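Protein chains: 2
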Amino acid sequence: MKRITLADGTGGEKMMKLIKQYVLKNLNSNAKNIDVGLSDLDDSAVVNGIVFTTDSHTVKPLFFPGGDIGSLAVAGTVNDIAVMGVSPCALSSAFVIEEGFPVDDYEKILLSMKKTSKYAGVPIVTGDTKVVEKNVVEKIIINTSGIGMRSRTLDENIKEVKRYRRFDEKWIKDSNLRDGDKIIVSGSVGNHGIAVLSFREGYGYESEIKSDIKPLNKMIEKILKVGGVVSMKDPTRGGLANTLNEFAEKSKTGIMVDEEKIPIKEGVKSACEMLGIDPLEIGNEGKVVIGVVREKAEEVLKALRKTEEGKNAEIIGEATKNVNGVVMKTVVGGRRIVETPIGDPVPRIC
Amino acid sequence: MKRITLADGTGGEKMMKLIKQYVLKNLNSNAKNIDVGLSDLDDSAVVNGIVFTTDSHTVKPLFFPGGDIGSLAVAGTVNDIAVMGVSPCALSSAFVIEEGFPVDDYEKILLSMKKTSKYAGVPIVTGDTKVVEKNVVEKIIINTSGIGMRSRTLDENIKEVKRYRRFDEKWIKDSNLRDGDKIIVSGSVGNHGIAVLSFREGYGYESEIKSDIKPLNKMIEKILKVGGVVSMKDPTRGGLANTLNEFAEKSKTGIMVDEEKIPIKEGVKSACEMLGIDPLEIGNEGKVVIGVVREKAEEVLKALRKTEEGKNAEIIGEATKNVNGVVMKTVVGGRRIVETPIGDPVPRIC
Numbered sequence: 034m035k036r037i038t039l040a041d042g043t044g045g046e047k048m049m050k051l052i053k054q055y056v057l058k059n060l061n062s063n064a065k066n067i068d069v070g071l072s073d074l075d076d077s078a079v080v081n082g083i084v085f086t087t088d089s090h091t092v093k094p095l096f097f098p099g100g101d102i103g104s105l106a107v108a109g110t111v112n113d114i115a116v117m118g119v120s121p122c123a124l125s126s127a128f129v130i131e132e133g134f135p136v137d138d139y140e141k142i143l144l145s146m147k148k149t150s151k152y153a154g155v156p157i158v159t160g161d162t163k164v165v166e167k168n169v170v171e172k173i174i175i176n177t178s179g180i181g182m183r184s185r186t187l188d189e190n191i192k193e194v195k196r197y198r199r200f201d202e203k204w205i206k207d208s209n210l211r212d213g214d215k216i217i218v219s220g221s222v223g224n225h226g227i228a229v230l231s232f233r234e235g236y237g238y239e240s241e242i243k244s245d246i247k248p249l250n251k252m253i254e255k256i257l258k259v260g261g262v263v264s265m266k267d268p269t270r271g272g273l274a275n276t277l278n279e280f281a282e283k284s285k286t287g288i289m290v291d292e293e294k295i296p297i298k299e300g301v302k303s304a305c306e307m308l309g310i311d312p313l314e315i316g317n318e319g320k321v322v323i324g325v326v327r328e329k330a331e332e333v334l335k336a337l338r339k340t341e342e343g344k345n346a347e348i349i350g351e352a353t354k355n356v357n358g359v360v361m362k363t364v365v366g367g368r369r370i371v372e373t374p375i376g377d378p379v380p381r382i383c
Numbered sequence: 034m035k036r037i038t039l040a041d042g043t044g045g046e047k048m049m050k051l052i053k054q055y056v057l058k059n060l061n062s063n064a065k066n067i068d069v070g071l072s073d074l075d076d077s078a079v080v081n082g083i084v085f086t087t088d089s090h091t092v093k094p095l096f097f098p099g100g101d102i103g104s105l106a107v108a109g110t111v112n113d114i115a116v117m118g119v120s121p122c123a124l125s126s127a128f129v130i131e132e133g134f135p136v137d138d139y140e141k142i143l144l145s146m147k148k149t150s151k152y153a154g155v156p157i158v159t160g161d162t163k164v165v166e167k168n169v170v171e172k173i174i175i176n177t178s179g180i181g182m183r184s185r186t187l188d189e190n191i192k193e194v195k196r197y198r199r200f201d202e203k204w205i206k207d208s209n210l211r212d213g214d215k216i217i218v219s220g221s222v223g224n225h226g227i228a229v230l231s232f233r234e235g236y237g238y239e240s241e242i243k244s245d246i247k248p249l250n251k252m253i254e255k256i257l258k259v260g261g262v263v264s265m266k267d268p269t270r271g272g273l274a275n276t277l278n279e280f281a282e283k284s285k286t287g288i289m290v291d292e293e294k295i296p297i298k299e300g301v302k303s304a305c306e307m308l309g310i311d312p313l314e315i316g317n318e319g320k321v322v323i324g325v326v327r328e329k330a331e332e333v334l335k336a337l338r339k340t341e342e343g344k345n346a347e348i349i350g351e352a353t354k355n356v357n358g359v360v361m362k363t364v365v366g367g368r369r370i371v372e373t374p375i376g377d378p379v380p381r382i383c
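Chains as they are written, first to last, in this note's numbering: chain D, 34 to 383; chain Y, 34 to 383.
Because the hints were derived from the structure by calculation, they are not lab data. Treat each hint with caution, since some may be false.
The list cannot tell twin chains apart, which means a pair is met if one copy fits it or any two copies do.
Unchecked claim - Within a straight-line C-alpha distance of at most 20 Å, the following computed DMTMM-like cross-link-like pairs (lysine to aspartate or glutamate) qualify: (1) 172 to 132; (2) 167 to 132; (3) 167 to 131; (4) 283 to 68; (5) 172 to 131; (6) 362 to 311; (7) 167 to 68; (8) 93 to 131; (9) 148 to 171; (10) 285 to 254; (11) 93 to 171; (12) 148 to 138; (13) 283 to 331; (14) 203 to 254.
Nothing here was measured: the structure is a model prediction, and the numbers come from that model.
So that you can see chain D by itself, here it is in the shape it has in the complex (with noise of 0.2 Å):
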């Protein structure tokens, strides 16, 4: 009997095969309202204008060095709707609680969400709450979705697209880059995984590194404002080596990359080489690459090291024809393919 394995379900190269397989298969849809449906296999999905997402959340541990299950819950789904260039306006939250869960846990969670969704200005308007025997899941599952509209914010931004090239699409959607378009990543990667699995294997690298759990969407406002911006998407399981893979195969286009200017903090580093782990292929929580019309890089860059969240930006490449996939330039001067990982290094990261 074929049974379903971990590595199916790691946002790597086996899932995408899998949901390919049996997901699309029988759930996709081509009806005219749906903009953005199962099949783009984008964030978020978009229907009759409205923006729709769904994360199911299984972090292990639950509390880690800067977050927990549910500021990971909130962010997370914020986040997918803010990358397609919209206003969150609203998340559902339901539980799958354990029995004889800690009441003290559970409202610790319950106060994290709070403060995660004011700080985002994104309230849960509505919920479901099951409690199931013991075993039946480990301690809490925490689904969030959530809806974004649009604002004329995303309006101007396509404008200002407009302004440097052709663009017929409505949203901002990993397919969308072009030859010559550049890529800049809004902070240091790998914080999040390396966080969360230093803590919860006891490895002792979270006394330096924290993760990045952070809702984005006002950050991303403030870089739609600048305008110019085309694709945006936040590398979460599979990492900045997944993001990349999935705008360049979204977007037929290859995309070269500096290694150089990757931001990826000492801490991280060094746990990376003593795990043999690709800091590129570590999911984040806090962070966004953006694919942004050449002439309105730097400006792009300059209002995002403006704030808190992306004080350590950097233009880290650009889409171009004259490669094939992802390529880094190395630090060390030669070329290497950047793949998309296969399954997941640091797994129960979100």
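With chain D held as given, fit chain Y onto it using these hints.
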């Protein structure tokens, strides 16, 4: 240390207490763009005019007579939106799957979701897939969230209400019942809970009793076209007893129902007698309880009975100031108070 118990998650009085004490205290928002929010404790929220709801499904077993976790997840969320009086327009689905789950069962569930989604005419537009280690979840958990939008049918239904009495509400809510409104149930109660329980425990009633899982949006559309509907709720966890008490409490009115009129199948009756369960406390997945202005009750009933899902509909009682809470005229001529279930007589049915 205080711990969460099974009874805290059952849809009854204890769950309401947990939600009020912890969820509402931390997460409730009074933002102006929220027409129906967390504190309304209704089936869905309404924010910026969009109806939004969520449910996580932990039913055991995954496959049972009349349905499975897939049809349940789709129909349940469609119904939570439809009972707000609006058209469901899209669903999300988020899977948490235990490593080793058979691919055949996974595909069977997806096929069932596809079939139910097609029947309802509501596409699944966005999703999430997480695979976790053995024993982190029992087999599979599915969250479905959904959105719906106001249609002219709802406006016309409300116009019809206003022909007969004062009505200042924009939405179909649990709190809209007034003295004299009639209560209709769309068919026999208790089938879903008894079918799942009996199959799970091997009681043998499932040959006779099948789950009533069904998306009700098309049936509801038909009765809204008749007009005069003020409140609707699908009596899932906590059953008819819970729904009637929620109506009464939120609407600040008494409700009087007639036992003789409540449709219950013989097989459900005998199972309930043997198991010592009140059929009014058992969850349903294809029924709706409707509050309608007196003058339109017969017409709504007639429209219901013309549909396959509503062919056994009955007017079971009315809202009345003459009683406190929910009171039932029994078959033998007495009166008994129908209380909000404290716990859940049949756990893990949704």
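message = One pair to classify: residue 93 and residue 171, alpha carbons no more than 20 Å apart. Within, between, both, or neither?
response = Answer is both: 9 Å inside a copy and 17 Å across each meet the 20 Å cutoff.
task = Give the relationship of residue 283 and residue 331 under a CA distance limit of 20 Å: within one copy only, between copies only, both, or neither.
result = neither (25 Å within a copy, 56 Å between copies)
request  = State whether the alpha carbon distance between residue 93 and residue 131 is at most 20 Å within one copy, between copies, both, or neither.
outcome  = both (15 Å within a copy, 15 Å between copies)
query = Between residue 167 and residue 132, at a C-alpha cutoff of 20 Å, which is it: within one copy, between copies, both, or neither?
reply = Both: 6 Å inside a chain and 18 Å across chains, each within 20 Å.
ask   = How would you label the pair residue 283, residue 68 (within, between, both, or neither) given a Cα cut-off of 20 Å?
value = Within one copy, since 16 Å is at most 20 Å while 39 Å is not.
key: Within, between, both or neither, where residue 167 and residue 131 count as close if Cα-Cα is 20 Å or less   = Close inside one copy (6 Å) and across copies (16 Å); limit 20 Å.
query = Given identical chains, is residue 148 near residue 171, meaning Cα to Cα at most 20 Å, within a copy, between copies, both, or neither?
reply = Result: close neither inside a copy nor across copies, 25 Å intra and 31 Å inter.
query = Can you tell me if residue 203 and residue 254 fall within 20 Å by alpha carbon in one copy, between copies, both or neither?
reply = within (17 Å within a copy, 32 Å between copies)
ask   = How would you classify residue 285 and residue 254 at a CA-CA limit of 20 Å: within, between, both, or neither?
value = neither (27 Å within a copy, 44 Å between copies)
ask   = Taking 20 Å as the upper bound on the Cα-Cα distance, should residue 148 and residue 138 be classified as within, between, both, or neither?
value = Within one copy only: 15 Å inside a chain, 40 Å across chains, cut-off 20 Å.
query = Which holds for residue 167 with residue 68 at a C-alpha limit of 20 Å: within a copy, between copies, both or neither?
reply = neither (42 Å within a copy, 37 Å between copies)
query = Checking residue 172 and residue 132: alpha-carbon separation at most 20 Å within a copy, between copies, both or neither?
reply = Answer is both; intra-copy 8 Å and inter-copy 17 Å each pass.
Checked against the numbered hints above, the structure violates hints 7, 9, 10 and 13; every other hint is satisfied.
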